[in-house]
Structures are given as structure tokens and as C-alpha cells.
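> These protein sequences, in sequence, are chains D, F, C and G.
The working numbering applies: residue 1 is where the first sequence begins, and numbers increase by one.
The working numbering applies: residue 1 is where the second sequence begins, and numbers increase by one.
The working numbering applies: residue 1 is where the third sequence begins, and numbers increase by one.
The working numbering applies: residue 1 is where the fourth sequence begins, and numbers increase by one.
Partial chain F-side listing against chain C, Cβ under 8 angstroms, derived:
| hint | residue |
| --- | --- |
| 1 | S110 |
| 2 | G155 |
| 3 | E209 |
Computed list of chain C residues with no C-beta within reach of chain F, every gap over 12 angstroms:
| hint | residue |
| --- | --- |
| 4 | R13 |
| 5 | K21 |
| 6 | D32 |
| 7 | L35 |
| 8 | E37 |
| 9 | G57 |
| 10 | V137 |
| 11 | E221 |
| 12 | R303 |
| 13 | K369 |
| 14 | E372 |
Calculated from the structure, these hints are not laboratory results.
On a predicted model such as this, the values are computed, not experimentally measured, just so you know.
Here a beta-carbon is modelled for each residue, glycine too, at the ideal position from N, C-alpha and C.
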Amino acid sequence: MAILINQETRVIVQGITGRDGSFHTQEMLKYNTKVVAGVTPGKGGSEIFGVPVFDTVREAKNATRANASIIFVPKAFAPDAIYEAIDAELELVVCITEGIPVHEMLKIVSYLKGKKTRLIGPNSAGIISPGKSKVGILPPVAFKEGKVGVVSRSGTLTYEISSHISQAGFGESTVVGIGGDPIVGTNFIDCLKMFEDDPETEAIVLIGEIGGNDEERASEYIKKYIKKPVLAFIAGQTAPPDKRMGHAGAIISGGKGTAQEKIKALNAAGVRVFFEPEEIGRLLCEIFK
Amino acid sequence: MAILINQETRVIVQGITGRDGSFHTQEMLKYNTKVVAGVTPGKGGSEIFGVPVFDTVREAKNATRANASIIFVPKAFAPDAIYEAIDAELELVVCITEGIPVHEMLKIVSYLKGKKTRLIGPNSAGIISPGKSKVGILPPVAFKEGKVGVVSRSGTLTYEISSHISQAGFGESTVVGIGGDPIVGTNFIDCLKMFEDDPETEAIVLIGEIGGNDEERASEYIKKYIKKPVLAFIAGQTAPPDKRMGHAGAIISGGKGTAQEKIKALNAAGVRVFFEPEEIGRLLCEIFK
Amino acid sequence: MKIHEYQAKEFFRKYNIPTPKEKLITNLDEVDLALSELNFPIVAKAQVLVGGRGKAGGVQFCQTPEELKEAVKRILSMTIKNLAVKKLLLAEAVKYEKEFYLGITIDRERRAPVLIASAAGGMDIEEIALRHPEQIVITELSPFLRLKSYKAREVGNVLFSDKELVNKFIEIAAKLTNIFFDYECNLVEINPLVLADRELVAVDAKIVFDDNGLYRHPELEALRDLDAEEKSELLAKQADLSYVKLTGHVGCIVNGAGLAMATMDLIKKYGAEPANFLDIGGSSSPQKMREAMRIILMDKNVRGILVNIFGGITRCDDVAQGLLWALKEEEIKVPIVARLTGTNELEARMLLENSPIVFARTMTEGVKKIVELTRS
Amino acid sequence: MKIHEYQAKEFFRKYNIPTPKEKLITNLDEVDLALSELNFPIVAKAQVLVGGRGKAGGVQFCQTPEELKEAVKRILSMTIKNLAVKKLLLAEAVKYEKEFYLGITIDRERRAPVLIASAAGGMDIEEIALRHPEQIVITELSPFLRLKSYKAREVGNVLFSDKELVNKFIEIAAKLTNIFFDYECNLVEINPLVLADRELVAVDAKIVFDDNGLYRHPELEALRDLDAEEKSELLAKQADLSYVKLTGHVGCIVNGAGLAMATMDLIKKYGAEPANFLDIGGSSSPQKMREAMRIILMDKNVRGILVNIFGGITRCDDVAQGLLWALKEEEIKVPIVARLTGTNELEARMLLENSPIVFARTMTEGVKKIVELTRS
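All chains should be built: construct the whole structure from the sequences, respecting the hints.
Written out as C-alpha cells, the structure reads:
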């Protein structure tokens, strides 16, 4: 099962001829992801690593029955790439591009209402369902097929924590990087819901960080609807207020969104919060003993 | 039953203190329409014909549990009045105002997608469910409680034809003026569907005119889904091509949208087309004999 | 509101859509000056606000100054569909390989703006649309997002196999879309858009503005060609009446466009021809009726007038007042039949009791009477 | 990017939002010239890019030239939260009856822009928001439609009972919304918006631009206050690194913001304090690592450096190359602990084999080692 992606997912790489796009196309192909097409406007008709390149997403979809895309397009063109994927009615769109202006994202989420597409990101590390498919930039070494669902706002921190889950022998059903920007297409709650419904997932790890209140809302949702055990890690406990920590999302403002508040909310929802990545192995052992 | 409006409809008049708004508020009150509130920005707190006036639709709705509105606001402000009614989540909005720029309507119909509101018009004569309620400017003298559903793009032509339906003794379940503009919120098909489902309606009269292809599409729909007898009148058989006939919608372009084509399509769908308003009485007699 | 090709081309230039080198002239004397800027071959094109100028001989290809002057003289003396040709556009002829069509308009069925394109551009695009719809590409636009380049590319890929041309097409389509939205147009059109020497050039141009949007772009009013509109139609517009002059003998004054068209249809059905379409509109005032009478009486073809009113907002007594006013001020020699139903019907009858106006109780009766009275 | 009050006020004036009469000065000599344009009482306000200037004594109300000069001298010599005050805004004091709050920002929960207003404006709006949320009015905006006047009216009716003031509020809200959208802001704010003599006046102004949107508004770059940013942070920005200087002793270089914050948290957990946040970002190059080392070594508080890399896109051998480069060019006296996992991990180890760098296998081990090595 897994969530969002599996062996059947047929992926278009938007921006396949760019530096990051071509590198990660190779990486995804190595992972046996069904990369069925690439899109670079003006380069349609060519081929890269055996993947046919098209000028537009619609052409690529029509020719290959693709149902998902991953976007490596530079930030100035990424919003259009997202609209294009939405208009082509792809089921899943994963946007890796970072640095998209937040006002563009406001328009995109407004446009998404009532549409068929699920958008992951932007500024996402992508998705991996270990052993099945990878639609993202996550390094496979950190992941192993298993029963823990991971959802995260971060990139490398996700690899770090997942590697401990893998080393402890549990492995992951699916790992989703929802992206670190203030406005993203899919939030914690959306993923929690999918994990709760996924029979392959037996525990959920949520990796949050300071800024916003997505973790607080997720806590309320967990309290009400999630029966599976949830563990959480929150980065940024030592971050000073009002200093930007790289992710646009990680701004503490008006006393809200601090690590302390998030941890309090998670604890109140019965979520076990851990403070050191490698602790996760021991905690999962306790749960599954 | 009737469609769209009945005794329970609670109406806000947007632009109640204007010339047309105040006149027709009186007329609707005379017809026992439940006009529960008026809206004129900046005049909230006053009262007109015993109807309380509010500054905004939301305030009016919250205070009076209104579920519909009728718009008499001048064309420059009418688009905002429509957005306001949509945002206040009214079920039904009837826009009488004519002369709204079509590009404004394009934005409005795009904004309407996925919203709860049904928009009638603009440039509509409104709706009457004889004996029950009137949300419009239609003169009651032409209408009588009965079993014929009437849907029309015109105003006075609707009164003319309805008056013959009434004089012939059949009367109307509901009469809907969908508006004569090229882009309107509700089209023939929407109304045909509602009339088909309405147990009080036993026959349907469709009043079209040249321009666009709403009648042609209605014909296809009738062929497939409408079991009740349908009669139709098409105005503009003598109109020269490419001359504007008052309604922005009534432009014949590229050979499409002529009265001849519409009549052909209607006939092919088994619709009886009549060519003189007073004929309708005799035709209904045949149907109900 | 339609504008002339030369005016539309000015919008194209403002938005950097490639056009041929052109000069507008209004008389023969201006040809020499124009020739100092243009190279032969030159196409002389009549500037009239109706279609079919080509078939009427209003477009001519010229190789020499003599040929051109001959053509200018001839075309400036032409009348195309009742419109005198007063302006002429001289354009350097473009030697092209292929003609395309590109237009943006409002699709009533989709209730959205659409971009329409075809590799089969030229004079007969309407024919193509009817007979070979598969040669027409249509894509829907969002009024909020305008034209996203991938949509233009989808279309361009159907039209061109050369990627460079696709990119040029995308640029032109984006600019044309901006004209469409910036000025609230009903239609912007390039037909033909030609491929010449690896460039795309707009050889003809058409723009139609939404009349309802004009009040938000007051600068467009200056583009109105007053010569091209019937004087009576202009007068009607000033009086806030909707009037179209036609060629029959029965004048008619009606409230509401649908009822007005139905009245015209019925006049025809009973054997006569309407002299006009005239809708006095929703609101009610004797003044409007007075103006309507003045405008109809300007038409010397009119042998009789039918007034057909279904009073709602329009009050029949207001209509009667206006009629009386007209009767007093104008010397009216033609018969008038009035059918006044609805609001204040009785008051109206009383007002007109001693006038020469013939009453009718129904629309059909009114039409029959006026047809009878105007039979020559 | 934040800008100063005086800069935000310039936007307000451009958009016709009423502001008090004001003059910016940078030294005492400019006071006399300013006084030729301003009337007493005057408020002198320190222009610094941090909150709390009022509580720090950076705002002073003055009745006389003497009082004002005294205040100017004092404030210009102040340092507020490590920032030296270099500019001072002199504003005619507005005698007001009531303070309001008006702001537009992005609500992450609603995923939409929101307009926020309160009749309880002034210094403690955050307190009000926490303790009396019912005194705050929030309304959602559409990014396509901006602020429709009925939404502003709904809010205005909550704040004001006087219709005229509601209309003035609607106007100001519309203008503020236009600034917000035109320049892609994260925040535009008037606090307080005061009611004075039946007028609404923006006494303070705050604008924060979305850093990701800045490239589309190059003119805004000129507004950046380079003095207010740490020199090392500016250098980092030029090198495309995300760096924040802090006050601890353990320098850290990490790839990814989340992992960087987690690393800092862990340093603290094991008893030390991080000297900085530094994210070398996703892409990989020895150059970036070299620059990161240079920037960290500028901080004289740093007693040791932890390099924590989970290689994905970032290649560990690139990181190692950058480290070697730095070791060669700089005289490094502090210990370095490196934890390099993931892509090309082995190559990295081989490269660094004979260097003084201490290896760690895990993040926790790396943190423990650097904390140990930097203990004073």
C-alpha cells in the first residue's frame, strides 16, 4: 500500500534537462521509480536517460499515461509549472523548487480549490515509499521498507531521523517531505489522515519545526482522529525569537509557534516527543515490543 | 413546490434605497414576498417600508436569516454586490442590474465554482412563483398560479407569453428570467432540470432569442433528459446578421446562433416551437386536453 | 464597439506585435508622402467596419505608383455595404509562406475566454470552422491567470513544427491576450497571421470592445467612427435608446429587446417588413417615448408606427404622455397603432382617447392593424 | 526584509494614506532645518529594525526646541538591542482620541492573506491578541480579488459607529492592501492608526517584504539597511548561505535548516551554546564550504566547529574538499569535528584522513565531541 506513491506511480519530471532535474531523474530511475516522461519547454522530442522529453505536461501525460509529476523548475518558472500540472489534471504534483514567492503560492492554493490535484511542497524533499518508488531527492541509504510513516517539514533532518528508524529495523511505509515554506499544498493533517488509513503503516513520526502552527493543529487532529501511535520531533528549541533560520516558515512571531508551545500541544495530544534523532530507535522498540 | 423561490424564501434587497430598488421592494412586499432586509452601504440602521437596512449583506443575513438576495445596485458596483452575496453564502442571488462588463462576469463565474450560491442573471427580470413569492421586477398581472414552468432570456416577452398562459387558464409554477447577457450565472439547462424535478410543473415553456447557443444545448439536454412536454419561442427571426439588438447576447456571429438553427435544434429534440405569443394558449390546450 | 484595422494595428504596435510597415491615407494627395516611406509591392486596404471588403474589391495589390494611385482613387470612391470608404491603409505587401489564424474571444458555452488558433488562416476561417473543426485549436483561459505560456505552447505545437516559431507564437499570443484583458474586449483577432521569412507578422487586425466595459476605458471613445454609424442610431444612443435602422416600412417602438424582436418577427409573419428595431428600455419616461418618435420619423421609409408596450416598470401612461407630446410637436402623417398593456393601462387609454391613435388590445391585433394600414 | 518606519511611511504617502508631518534626521545639526517645517509638540523616534524601541527609551515627546535637541542627542547615541541608532524621525505629535490597529499579513492556517483590525490598537496589540482575541477582527482576502470594499466595511462597522469614519477606514484599508499585494509583503501594519479630529492617521508604519519576492521588485533593494545587518550575515548572503550569528561558542556548519536547528538544539542539550545557525543549503560545492568556514572563523567567540552533513544532494567529498581548502588557507586554531554521512561518505573520509579533523559517526557523537573539546 504505502501512501501517495507506489510501484504504479507514473512520473513526469518537469525541468528534466536542468542540473537538478537530470541528476535526480537518474537517481529516481536507479530506485526503479517509473519516470515515464520529462518536460522542458522547447526541448520536446529529445530523450534523456531513455526518458522521452515533451514540451508540455499535457503532451507528456497524453503520451505516457503519467499520473504524477515532480518539479525541478527554477523558482521564477515554478509557479507556472505547478499551474500546468494542475491544468493537466495530474493526481500528484511534488514541487522541489525552493524560493517561490509566497504571494504566488497564495494564488496557487486558491486556484487548487476544487481541483483534482494534490500538491506536495514547494520546497519539499519529496516522497519515498521505500522499496516501491521515490518521487523526490531523498537519499535511499537512509530508508528501508517498513511500517513507520514519516511526515516532515524538513529535508536532511528527515533523512537523519529516518536513518535511525531504518537502522533500528522498523523501516518506513512512506516518508513525505511536505516542504518548509509558510504556504504549502499539503499539511501534516492531510498526511496523518492518509497514514491512519494505510494498513501498512503502524506508527507515525512527525518532524516539525518552529514557526506557524501546523504542529499545533496536527496535535488537535491527532487527539481526535489518530489511533496509531505518533512520535514527534521539533527542531528549533534554541532558535532566538524573530531570527530567520533558513526556512521562510521558521519565524517565531508574537510568541506563537515556539518549539515549547508545539511540544506542549503534542504532549497534550498523547504524542511522545523526542529530543535527539537517535532516540527514535529506542522509542519504536518500546512501542513494538 | 415551485422552483428556486417559494413562501419560505427570505430576501435581502441589495441597493434597497435606490430608485429601482425601493420601487420594487414595495412591489415585492405587495406580492407578499418575504423581503426581510435591505442593504445599502453607509445607510445601515435605517428602515424603508418597514424593512431594516444594513450596511453589508453579512450583517443583514446574520440579523434576519435571509437565504436570497436581489440586486438593484448600479452597474459599476454590481459585481462587488454579487461577490458580497456569494461570500455571505446566500443560496440564491438574482441580479437585475444590466450593463455589467462581460469581463467582470467572466471573473464572477470563475469565482462561483465550488461555491454554494446560485446566481440568476445579471440583466434578469427575476423570478416569480405565482401566488407564493416574487424576487424580481415582473408585473404580477401577467402571472397566475399554475402548472407551466417558464424559463426565458427576455423580460417583457416573458410577460407577454406568460399572460397568454395565464389567460388560457393554465398559470405558471415558476417563471425564471435567466437574463439576456452573454455570460449569466444560470442557464436554460439548469432550469429545465429543476422544472423536470418539480412535481408542480407539468409543462415547460422556453423563451429564447438569437445569439449564443444556449438554446441548442438546451435542445440536446431536452432530448436526453426531459420527459415533460416542452414548448419554445425564439425571438429574432427577422434580425439581420451582425446587428446588435439591444441585448449584448443577441449577436449572430459566424452563422451560428440564428433563429433558424435554434428552431431546427428544438424541433429535432421534439420541442414544439410557436411563432406568435398568443398561440401558446391553444398549444397548451392540446397538450392538456 | 468595433474599430478599424488601422486602429487595431496601433494597439498591436503598442504591444509589440509585429505588423507590416503601413500608412493611413484619406485622399489621393497623401499617396506620394506615403510612398516616401513604403516600398512596393503595396496593398491598399479600405478601412470600413464591415466584413467582406476583399470580395467587394476594397483590397488591392499594387506594383507601381500608377497602379496604386488608380486603386486609391477607385477605392476611396467606393461604398461597401452602405458605408462610404473614407480611409485607406497602405501596407507593404508581405511575401508569406503560410497563413494562420489567431483570436481570443468569449465562449458563452464554456463561460470563459478562449484562445482560438488554426493553421488554416485566411479569408475563409469561418468556413473551416464549420467544415473542418478539427483544424481549429481552442484552449480555455482563466480570467484571473490570463494566458499561461504552457497553454500557448500546447497550441503552438499543433500549429508549428519549428520550436523557434512556437516561441514566437507564444509571445504574440501573450501580447494579444493582454490587449484582450487590458481593454475588456469581446474579440481580438489576427487573420491572417502570416509566416514570412521565419517571422510571424499580423497582416490584418480586428478588435471589438465590450460596449458595457467602455465606461471604464474612456480613452477608447475617441476611436469611435461616427461616420460609420447611422445618424439616427447615434441620436438614439444619446437618448439611451437601443435602435437599429432596417429597410422596411413599419416603424416599431417596443419595451424590451426580446419583445421588440418578437414584434418585428410578427410584422414579417403578417406580410410586412419592420423599418427598425427600437427598445425604449426598462425605465419609464415620456421623454424617451418622445425621442423614440423623433428618431423613427427621421426614416422616410416609415409608413406607419406600431407601439407595443407590456408595462411592468414601464408605465403605460408615461408612454401615452410621450406620444401626445410627439403628436403636438411633429407633423405626423403616418398612422399610429398602439397596444398598451400592464401598469397604468387605463390611464393611458384615457389620455389618448381623443387622439388619432388606433388602439389594439393584443400584440397580434396591433401587428395586423399596422400591416393593414401601411399596405402600399 | 524589514524596512524602517520612515521608509514605510514613504509608501504610505505614495498610496495617500494619511500620516503626520515628519522629517528624517541623521544628526543634531539637522534639527533646526526640520523645525522650520514642523510644529511642536514633536515626537522623536529612533529608526531601528527591532521592536521595543519605546520601552528602550527610543521614542520621546518634546515640547520645546531645547527638549528636542536634548532628546535627539541622547537617542542618536543609543544602542537598541545591539543596533546603534543612526536615524531619527521627527514627527508632529498627533493629539488623538483613540488608537486602532490595522494590519494585513499571511495566515498560514487559512493559507490566505488576512486583514486584521482592532479597536484596541497601540503598543500592546500582541497582548490583546493573546488575552482578548474577541477584540480582534480578522477577515480573509482572496489573492485574486484583493480587498473588496464590503469586507472592509464589515470590519469598519465593528471598529467605528460613525459612518463617515467607516468610509475613511475602508479607503485606508484598500490602500494598505494594495501596498501588500503590489510589493508582495509578508506584513503591512499601522499601529497605531489614530482617530484625531475626525480623521484617521497612520502614526506608525511597518512593512516586511517577502524575501522570496524581492527579485521581482529590484527597486526595493535600495531600501535595505546594511548597517542593521551583521557583516558576517551579509557576507553569508552573498555566498548564498543561510547564516545567523548567535552568542555561544560552538560554531556549526550543517546542510539543511531543520537539521541545522536540530544540531543547535543538541549542542545546547549537551551543555554548550551554539555560536551560529549555518545552513549550506541543498546544492553541493567545495566553494560554499570554504565560505562557510571563513564566515564562522570571523566570529571570535568560536572555540570549535562542528560540521554535520547528511549527504543527499550535498556530496560529502565536496564538503571535505572545502574543509581542506579552508585548512590550507586559514590559520585555524580551534578544533573541528566532522560528521559526514550519505553520498560519497567514504571518499570524504579518505580525503580528510591525514588532516587534524576529528571524525564522528553520528550526530550525537559529533555533538558530544565538540562540546567536550570546547569546554572552557
